[in-house]
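Engineer: These are the residues of each chain, in order.
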Amino acid sequence: MTTDIQQAFEERISEDELLNCMRCGFCLPACPTYIETQDEVHSPRGRISLMMAVRNGEIEEVEEVEHTLNVCLGCRACEPACPAGVNYGHMLEEARAIFQEHKDVPLKEKALRKATLEGLFTNPKKMEQATSLLGFYQRSGLQKVTRKLKVMNFFPEHMQQMERVLPESPKKNERQIAARFPSKQSETKATVAMFKGCLMDTLFHETNRSTIELLNQAGCEVVVPETQNCCGALHGHSGEKGGSLELAKQNIVAFESVEAEYIITNAGGCGAFLHDYDHLLKNDLDWAERAKAFTDKIVDFSTILLEHDFINDHKLRIDPQIITYQDSCHLRNVMGVIDAPRILIQAIDQVQFTELTGADQCCGSAGIYNLTQPEMSMQILDHKMEKVETTQATTIVTSNPGCLLQMKLGIEREGKTDKMRAVHLADLLLEALDE
Amino acid sequence: MSQPWIEELTNVVGSSHIQTKQSSRLAYSFDATPNFQALPDAVISPKDTTEIQQIVSICNQHQIPIVPRGSGTNLAAGTTPTQGGVVLLFNRMAEILELDKENLTITVQPGVITQTICETVEAEGLFYPPDPSSMKISTIGGNINENSGGLRGLKYGVTKDYVLALEIVLPNGEVVRTGGKLAKDVAGYDLTKLMVGSEGTLGIITEATLKLIPKPETKQTLLAVYDSIEQAAETVSSIIANKITPATLEFIDQPTIRAVEEFSHVGLPVDAEAVLLIEQDGKDEIVKDDIIKIQQLAEKHGAIKTNIADTESEAHQLREARRTALSALARLSPTTILEDATVPRSEIATMVKAINEIAKKHRVTIATFGHAGDGNLHPTCTTDVRDKDEWERVEHAFEDIFAKAIELGGTITGEHGVGEMKSPYLAWKVGEEGLQLMKQIKKAFDPNNIMNPRKMFAKSTRKRVVVSS
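Just so you know, the sequences run in chain order D and B.
The first sequence stops at residue 435 when you use the numbering used here, and every number in between is there.
The second sequence stops at residue 469 when you use the numbering used here, and every number in between is there.
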């Protein structure tokens, strides 16, 4: 078994890329799991050295390496910090894929993975059914009954809290999005295609509507290709590379069918993975070029709003409040979007924007990390909430559904649901536009 | 794992603070030095001086090597456990103990991150000047053991100029306190200074009191571009001769300029032979005055372009040119060797030219940037450890560079330390007699040679090369 894994590392993880790591340690202060543990095993350069050790056959206990790779959030904050430009995220995903392929996954985790990855996220129909069920559960009063009966007490604590922060699921007929949404300015400045995302299209359906409305108000025509699918990020990050390859191809085809200047996302996690399609398909001759054309068009909605003068064309105003912003790691570290969300928030009248110390550090959500590594995730979240506290903010803005759920969870854990809220940037902007 | 001394150490710190798993040992088997790696037997995180005393006593009794390690950013293999033993961490000894605003001192545990010290004191209008490039992650314990420098060395000095007092655990387990919150103290040998830069070979620093100064009011930045290295060097000399001491005076040579420009497109002229980045800090009117004088001197000595930053963001952009030097070079090849040969300020131009000739002679790629104000250069070789033939040529090139630096009245290392990597060359700088004296000092402190063995002192000195110039 070990030698199989070693061989796979030799074949699929480039020695050049591993050697690019100078071990200078500049990644350490950027790494949330190193900050929490103060342990090199849980640092980027430590993990790279362990990948190298597996590749060179210098470590027998490869499950220790797998463990440290699982503890990694995959936030990729180490990449902008790296002087040598090491592509850590790519190596991490390849290494995880190798372990996944060579391992008997424990039954419980297998069931969770199957349910979330294969069953739910790859299949929009099932996702719809799931959210319909969730909606039924929430609207029918069953949720109240369940909460009263404390049925959730049988589940681990963080799962119970997660259950409490799930947003109201939309009724099915509210979720059907027509394909074209014309510009609401006299001219059409650009035609953009919208990537819906599975969580955004279901649980955060309202946010997608807000995003489309904002883009229309900014003078963009928005096209939503019908045959698009899950981006594949959750698969890729969890070592299910095969699944993500198929999804990538389906999405490339879906977006080729509409002619748009940009492909817009409002979820940093999805955006970053779509942004990496060219890497994912680089060895597939039939797809490499098409993937490159696709990734060149990927852009976050906040960037497009700024580019098209949204804040100059519109008056934005909400009730006086202190707002802070938690970066989406992948939006920041992979797509390089740092200032745009902050500029948009600060353009709103009566908002006092207070920068969150460590906003650039992961909140611990990280895809399904908060389900697979609950302890570390909650430790990171609690430290994050201590920093949120010092901003005295009553609104935490995020730009990715996973982060949004995690921040809601943080507010719930602190018992502050009546004093504090977490909202997606698009919803905040629409709220400010409506006033 | 069955070794009795590991059990004894476990009894001291508790099983959750000693690691012996293969993955942990691997993760602590290296520092930032290329081509040095060795597994320790254990990695240990004591919580206080008392535990360290016990650890040292156990290791001394069993003759187990101890490698004290901050964040492992050393560039001379100073924190690589090449003789096995115990890697000793300070992650549980990372508290700021006291900020004394009357005596202008800060007392800290060794695990505090350098940047945290800077931020803490600057919030109070005070200043801790030493700023090694790794300050965002380096620990103060590491800085003291390596006597780290930084960009502000010319005007403000280096770590040794700011260490007032230390608590040390000796290899026999005893605790010694040196110095005090004192500007003047001549009671006996200066053990504080002896410990600073001792690279973990004499004892374990468990607490330090550092000197602080008032924070400079303001800062200004200037960039000057040259088409000859000599003119850049003349500018440096003339600035000093005109009794101006800039806070930073950084130099970038042509290969570095080209790499930086290729990487970050900051608008550097790729045909320029040299760029100087100069900063002055202090009182507003003095800073303005100095920067204008410096600009005039640069132009007088042939700068083809000068640029004073009007805003902080512009200053930041100018600093980027220097800051990205290492990043830009590191991306050129798998292995990057960052050296720190240092010469008297007046010999900078000669040294840079010699480095270029040496690189050509050995057919290796070396770009040079560094702290021109204090003669501390960073010849940086981009290579590939897997290419055995080239690696050998790289080693020869660096030998030539060390020899040339010494010939010009300089040293083999200005701020990175000797470690294991440069130990074969130490005698070139300090002489056989100097080396013997140092060995005797080491023996007086650590007769069983358990403290960071094989660092500083090599098995044998490298045969001296003769440089034809």
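What the hints contain is simulated information worked out from the structure, not anything from laboratory work.
Small disclaimer: the values here were computed from a predicted structure and weren't measured.
We put the CB at the ideal spot given by N, CA and C, even for glycine.
Any given hint might turn out to be false.
[Stated by the list, open to error] Examples of chain D residues lying across from chain B (beta carbon under 8 Å, computed):
id	residue
1	D16
2	C24
3	G25
4	P29
5	G46
6	S49
7	L50
8	A53
9	T68
10	V71
11	E79
12	A179
13	G219
14	I311
Engineer: Run every hint past the structure and note whether it holds.
Structural biologist: Status of each hint after checking the structure:
1. D16: holds, 6 Å
2. C24: Holds: closest Cβ of chain B sits about 5 Å from C24 of chain D, inside 8 Å.
3. G25: holds, 4 Å
4. P29: holds, 5 Å
5. G46: Result: holds, 4 Å to nearest chain B Cβ.
6. S49: holds, 6 Å
7. L50: Because about 6 Å separates L50 of chain D from the closest Cβ in chain B, which is inside the 8 Å limit, the hint holds.
8. A53: Hint holds; A53 of chain D Cβ to chain B Cβ min 5 Å, cut 8 Å.
9. T68: holds, 6 Å
10. V71: It is violated, given that the least Cβ distance between V71 of chain D and chain B is near 11 Å, above 8 Å.
11. E79: violated, 12 Å
12. A179: Hint violated; A179 of chain D Cβ to chain B Cβ min 40 Å, cut 8 Å.
13. G219: violated, 30 Å
14. I311: violated, 21 Å
Checked against the numbered hints above, the structure breaks hints 10, 11, 12, 13 and 14 and satisfies the rest.
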